[in-house]
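*Asks:* Here's the letter readout for the chains.
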Amino acid sequence: MHELSIAQSIVDIVQANLPASDANLVKSVKIKIGQLSGVVPDSLDFCFGAITHGTSLQGATLDLEKVPFILKCRTCTTSFESEAGIVLCPKCGGTDTEVLSGTELQVVEIELYDEHLEKKTG
Amino acid sequence: MSVITIERKVLEKNDELARRNRELFAKQRTFVINLVSSPGSGKTSLLEKTLGYLKGKLKIAVIEGDVQTDLDAQRVARFDVPVAQIVTNGGCHLEARLVADVLDRLDLAGVELLVIENVGNLVCPSNYDLGEAMKVVVASTTEGDDKPLKYPAMFRNASVLIINKLDLLPYLDCDINALKRNALQINPSLTVFETSCRSGSGIPEWCAWLQQQVSKGYNVKPSTLT
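These protein sequence lines map, in sequence, to chains U and D. Residue numbers 1 to 122, in this note's numbering, belong to the letters of the first sequence in order. Residue numbers 1001 to 1226, in this note's numbering, belong to the letters of the second sequence in order.
These are computed hints drawn from the structure, not numbers from a lab. Any given hint could be a false lead.
[Unchecked claim] Computed cross-link-like contacts, PhoX-like style, restricted to lysine-lysine with a CA-CA straight-line distance of at most 25 Å:
#, chain 1, residue 1, chain 2, residue 2
1, U, Lys27, D, Lys1009
2, U, Lys30, D, Lys1009
3, D, Lys1027, D, Lys1059
[Stated by the list, open to error] Quick look at which bits of chain U chain D covers, simulated, 3 or more residues with Cβ under 8 Å:
#, segment
4, 7-13
5, 34-42
6, 49-63
7, 78-87
[Stated by the list, open to error] Label pairs and their in silico Cβ distance ranges:
#, chain 1, residue 1, chain 2, residue 2, range
8, U, His53, D, Ala1109, 23 to 33 Å
9, U, Phe46, D, Cys1092, 17 to 27 Å
10, U, Gln8, D, Ser1215, 52 to 62 Å
11, U, Thr78, D, Cys1092, 32 to 42 Å
12, D, Thr1191, U, Leu4, 33 to 43 Å
Cβ atoms here follow ideal geometry from the backbone N, Cα and C, with glycine treated the same way.
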C-alpha cells in the first residue's frame, strides 16, 4: 500500500491529540495493524521515520502490534486463525463465520517521556 | 512515563468524509457502486455495456478515476450521461475527499445510479470507503483463477464479483469454477456474475440486478470496513 500517507495520517492524529509543545516528548506511538489491513509494518515504520525526521517528532518510534486474522465459526463455535484470508471454518467447512480481529488500522496510544527527564535522541 | 489513550482509526478522516458522501447520496436517493479491479480487466467496457443496456431505463451518472487522462470519461460521455473525471496524477486509489470535491460539479438531481470507476488497482482501493453502497470487483478470465486468494482484502470488501472476458475462456487455462470457489472462500456472501463485453453475455442479468438494487433503495454501510 502507500505507507507514506498512512504515516502522515498517524502524525496528524498524534498532533491533534497533543499540545505542540509536547511533541518532542513522544517516545512511541502504539499502532494496531491487522493482518488483513493491507499495510506492511516494516514499510510503515520506515515511512514514519522519514516524515518525522527534522520535526519535533523526530526520534519517536512506532510500537507496532500486529493483529492476526482470527475468526469464529457460528456453526461449530470453533475459533481459528486464517493467515491466507480464507474465511471458511477449517473444522466444519461452514461459511457462517465472524471476524474477531485482523482488519484494524488504529492509533492505540501515545507514550510520552517524563518531561523532567532528557528525551533520548537518534 | 505517561500514556495518552487514543484508540482512533488511522483512516478516520477518510471515513468521516465518506460518511458525508453517503448522507448526500441517501438524500438524493442515488444508489452508488464503487467499481474496482486490476488495470485492464474491462471495467470501462463493462460500464459502456451497462450504460447502453440501461439507456432510458435508469438515470445514471459516472465518476471516472484515473492516474492520467480523461480517456475513460470521453468514452462514457458518448452515452449522454453526466460524467466527471478525477485525475490523481499518480495517486493509486480514489479517496472520499476526491469524490466529495467532484460532487460539487456533478448534478445528482434525479440520478438513480452513480457508478464510481476507481483507479485500476486491486490493492489500495479496498481500504478507502468513498461513501458507496457497495464495491463491485471485476476479475477477468485472463487474470487467472487464483486471483481472489492473492488479493483477499479486495474480495473481502466487495459485495459483487463480475467475472469478465468470458469469451476468452476457450483460449485460457482459467478454471472458472475454481475462480468462483476461491472467491467464495474469501467472501461467501459475494454475488457473482459472468460477463463478456464482446458477446454481450451476462450483461442483461447484471443490469437487471442493478435495477433491482436501485428500486430497493438499497444503501448499506460497507460490509467489511470494520
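*Asks:* Confirm or reject each hint.
*Replies:* Checked hints:
1. Straight-line distance between C-alpha atoms of Lys27 of chain U and Lys1009 of chain D comes to about 20 Å, which keeps the hinted pair within the 25 Å bound.
2. The straight-line distance between the Cα atoms of Lys30 of chain U and Lys1009 of chain D is roughly 12 Å, inside the 25 Å bound, and the hint therefore holds.
3. For the proposed pair Lys1027 of chain D and Lys1059 of chain D, the alpha carbon gap of about 16 Å is at most 25 Å, so the pair holds.
4. Counting residues of the segment 7-13 of chain U whose C-beta lies closer than 8 Å to any C-beta of chain D gives 4; at least three are required, and the coverage claim holds.
5. Remark: the segment 34-42 of chain U is confirmed as covered by chain D, as 3 of its residues place a Cβ nearer than 8 Å to a Cβ of that chain, reaching the required three.
6. Requiring three or more residues with a Cβ within less than 8 Å of a Cβ of chain D, the coverage given for the segment 49-63 of chain U is violated, as only 0 such residues are present.
7. With 4 residues carrying a beta carbon less than 8 Å from a beta carbon of chain D, the segment 78-87 of chain U meets the three-residue requirement, and the given coverage holds.
8. Distance hint check for His53 of chain U and Ala1109 of chain D: the Cβ-Cβ separation is about 49 Å, which falls outside the suggested range of 23 to 33 Å.
9. With their beta carbons about 18 Å apart, Phe46 of chain U and Cys1092 of chain D fall inside the hinted range of 17 to 27 Å.
10. The given range of 52 to 62 Å is broken by Gln8 of chain U and Ser1215 of chain D, whose C-beta atoms sit roughly 42 Å from each other.
11. The beta-carbon spacing between Thr78 of chain U and Cys1092 of chain D, approximately 37 Å, falls within the hinted interval of 32 to 42 Å.
12. Between Thr1191 of chain D and Leu4 of chain U the Cβ separation comes to about 35 Å, which falls inside the hinted range of 33 to 43 Å.
When the structure is compared with the earlier hints, violations turn up for hints 6, 8 and 10 and for no others.
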